[in-house]
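Using the hints, position chain X against chain H.
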Amino acid sequence: MLLFLLKRILWTIPTLFGVSVLVFSMVHLVPGDPALVILGEHANKEALEALREQMGLNKPLLEQYLSYINHILHGDLGTSLVSGESVLEAFLQRFPATLELSLSALFIALIVGLATGILAAIKRYSLFDNLSMGFALAGVSMPVFWLGLMLIYFFSVKLGWFPVFGRLNDAYYLDGPTGFYLIDSLIAGNLPAFFDALRHLVLPSIALATIPTAIIARMTRASMLEVLQEDYVRTAQAKGCPPWRVILIHTLRNALIPVTTVVGLMLAGLLAGSILTETTFSWPGVGRWMVNALNQRDFPIIQSSSLIVAVIFVGANLVVDILYAFINPQIRLS
Amino acid sequence: MRSLTLFCLSCLCLWAKEGGTLIYARGADGSGMDPALVVDGESYAATSNIYETLVRFKYGSTEIEPALASSWEISKDGLTYTFHLRHGVYFQTTRYWDEKSELTAKDVLFSFERQTGKVPYYKGAKSYGYWASMGMSSIIKKIEALDKYTVRFTLKHPEAPFLADLGMDFLSVLCADYAAHLKDLNKEDELTRKPIGTGPFKLATWFRDDKIVLLKNNDYWGPKAHLDRVVLRVIPNPSVRALALQRGEVSIISAPNRNEIPRLASLPGIAVDEKPGLFVTWMSLNLEKKPFDNRLVRLAINHAINTQDYVKIVYENYATPAINPMPPSMWGYNKDIKPYGYDLKVAKELLAKAGYSNGFETTLFTASKYNKQAAEFIQAQLAKIGIQVRIEFFEWGTYLKKVAMGEHKMAFSGWKADTPDPDNFLYILWSKEAAAEIPTRNGSFYKSDAYSRLVTKAKYLSSQAKRATLYQKAQEVFHNDAPWVPLAYPYSIVARLKSVQGYQVSGVQINRFAHVYFSK
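Chains as they are written, first to last, in the numbering used here: chain H, 8 to 341; chain X, 146 to 665.
Here chain H stands alone, though its shape is the one from the complex (with noise of 0.2 Å):
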């Protein structure tokens, strides 16, 4: 087992490295003058040359991801080239944001995504089945940003339920130690406070966790159906147990097992995924962030955020194997 841990998070080095020279050389085979695109229409070659030479660009490819590499393994991941923030501190301060909207989406994912699996499973061929497969379909296809205009326009502008934008209102103010409002506001005893962050957090999390959802609700239908098959439920069946116990004992223990593998993946993606989601509901998280970096060329941003996505990613990917070789000893066997 040690073996097979230490092999796995070997292999997850080279991974890295990989990500590092494809986001480094991505920024930089872009043609066009990433100063220019700074400094705007407005720039004269004395200002461009300044600029450039302050962000290094006159030197050698193979020199800057050198420095750009000795940077990162001394824990600097550069200073914003726009706003002059370092890009760690600026990420941190985002996290949890986009932490706490993709919680609460995966949270939304999985209760309403197994039930409806569940129950699909068991009513199989029914009309719900139909119609909530149906639905999952519609959710793997919808374009997230559509979806989040068509809720903030029936449930917070002709409805009125939900605030239409942003984290919090600005009555409330909370700079509480964790950065997740609904934990803030309980720290701070701030009942209100909390309501409103939660009324601001169920659009979006509803938006992001469509996709999820419709994905958990198919998996957990599938296997389900798969499990039901087996010699052993139907033993269970035969010898008289109540089919609660049957279903949630005998069945949904086995049948979560790729459920679960799939979770941990899921909120890595869901981490980085949430750029849409967060520029239609205006949640200031690390998605957004990105989107401005990318649209300012603000190469040490870019470049950084991509790395820890790709960081977040391997290391939910190591975590999922490992759990899998605990869970399934074959794997690590083999």
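Some hints could be false.
Claimed, not checked - Restricting the straight-line Cα-Cα distance to at most 30 Å, the calculated cross-link-like pairs of lysine-lysine (DSS-like) are:
hint : chain 1 : residue 1 : chain 2 : residue 2
1    : X       : K602      : H       : K52
2    : H       : K52       : X       : K435
3    : X       : K602      : X       : K561
4    : X       : K517      : X       : K457
5    : H       : K165      : X       : K592
6    : H       : K52       : X       : K434
7    : X       : K592      : X       : K483
8    : X       : K665      : X       : K420
9    : X       : K665      : X       : K162
10   : X       : K293      : X       : K203
11   : X       : K361      : H       : K52
12   : X       : K457      : H       : K52
13   : X       : K546      : H       : K66
14   : X       : K287      : X       : K263
15   : X       : K665      : X       : K361
16   : X       : K361      : H       : K66
17   : X       : K618      : H       : K165
18   : X       : K263      : H       : K52
19   : X       : K618      : X       : K493
If you are wondering where the hints come from, they were derived from the structure by calculation, not from laboratory data.
Note that the coordinates shown come from a computational prediction; the quantities given were computed from them, not determined experimentally.
What follows is chain X alone, placed relative to chain H:
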């Protein structure tokens, strides 16, 4: 008794204007709060309320008025500018700076000299992009404090737009004591996050990419702001901005989607303000590439493009057709110049006279962020006189670079004034000096001696009337040479709650909120 009632009523009216929180929703956050370091307009929405300059532009217009300098003298040779600072102006006190510091000449010196490089500030080298772009180092020879309240600028050569330049945000006056305090703490970078100015609002909080909260500065030296608070909110999606306004969750939104404007305007509590901004868009014709070196070809193209239709299709009528290379609201605009007019017959004749009776093939560069329709419109219009246009799309950065290097034959361009002086359009964009610089801002590579002589001479004169005459003549020369196709003067558009009053959509620095109030 009657006068007492009137007095009470007027007090009530005055009182009615006071207070409230204005929530201004825009597409992106600013990048920093040191006005000398930033180059994006969104940053100035916050800083031009916090900081002030020696002179400023009257709100909603292009007129210069005193600000931190109560008066000034300009020497006859136009080389020295002496400014008398207002007495009793104090920098703001906030939770991060509670020292009451009076504005004096040393603050002005600090604010300018760090940009000249004389007084180094910030640990890492920072690029004072705006200072460099405006060529300030080649204008200013020296800056000196004559006494506590008097500052003198000596210029290297006469430069008439200099006074207007001093009203630009990047020349805001910062507090030297506060900057020194940060330097002592080895926290110079905080100057870009925690501003201390003399303006009508001060910073309360800034959650990046989310909101900036400004509070009324109750110790402001001039007429105090009406609003208690201004919240600058970031809502990237324009449709969501419109929905938030519809719900009354925000008070003003910038840049609404043009196709949503009629719906917004029809809602009972909402008003849409639209006015031509200080903005021109055009198509550059590269005079260094054949056949655009031929004036007749350029005239033919000007006659072949229906700018009325262009404005209707591309701007959905939220613009007026352009005529001159600066907007009509700028002083010195030549009203007598008439557009060439849409006439295909004349266009074909001109083309035949130029030796292209069968037309020719050419390319039009455009950026993917521009309206695709605009390029297709030009393509269709020119096809009618036999000119076959191939449209080439580029990513924004590539586009800027290619046009600045002169790789294009035809390309879209636009310019928004950041200082209300014709020089900012006529010299900076179209002089032969601008064409000589690579990368250039003169996308047509227009190098007329006659034109350049006029706009350069206007730079050195201090009389605005004489300058205006020169600029009007320059516009005639320009119109005659037609190095471009004027397209549009786009409108500046905001949608607001009807109760929001006093916000101006035209002029420079429109996001100064001291004049804005809520009608009760």
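Checklist entry - Is X:K665 within 30 Å of X:K420, Cα to Cα? => result The hint holds at about 25 Å.
Checklist entry - Does the structure keep X:K263 and H:K52 at a Cα separation of 30 Å or less? => result Roughly 21 Å separates the two Cα atoms, so the pair holds.
Next on the checklist: Please verify whether X:K287 and X:K263 have alpha carbons no more than 30 Å apart.
Outcome noted: 10 Å, holds
Checklist entry - Is X:K361 within 30 Å of H:K66, Cα to Cα? => result At roughly 47 Å apart (the allowed maximum being 30 Å), H:K66 and X:K361 break the hint.
Checklist entry - CA of X:K602 to CA of H:K52, is that 30 Å or under? => result OK: X:K602 and H:K52 at ~23 Å, within 30 Å.
Next on the checklist: Against the 30 Å threshold, does the CA-CA distance of X:K602 and X:K561 hold or violate the hint?
Outcome noted: Holds, at roughly 23 Å.
Next on the checklist: X:K665 and X:K361 were given as a pair; does the straight-line alpha-carbon distance stay at or below 30 Å?
Outcome noted: 19 Å, holds
Checklist entry - Would the pair X:K618 and H:K165 pass a check requiring their Cα atoms to be no farther apart than 30 Å? => result This hinted pair is violated, its Cα atoms lying about 57 Å apart.
Item to check | Straight-line alpha-carbon gap H:K52 to X:K435, limit 30 Å | outcome: 27 Å, holds
Checklist entry - CA of X:K665 to CA of X:K162, is that 30 Å or under? => result Holds - the C-alpha atoms of X:K162 and X:K665 are around 8 Å apart, at most 30 Å.
Next on the checklist: Against the 30 Å threshold, does the CA-CA distance of X:K618 and X:K493 hold or violate the hint?
Outcome noted: 29 Å, holds
Checklist entry - Does the structure keep H:K52 and X:K434 at a Cα separation of 30 Å or less? => result 23 Å, holds
The structure does not agree with the numbered hints 5, 11, 12, 16 and 17 stated previously, though it agrees with the rest.
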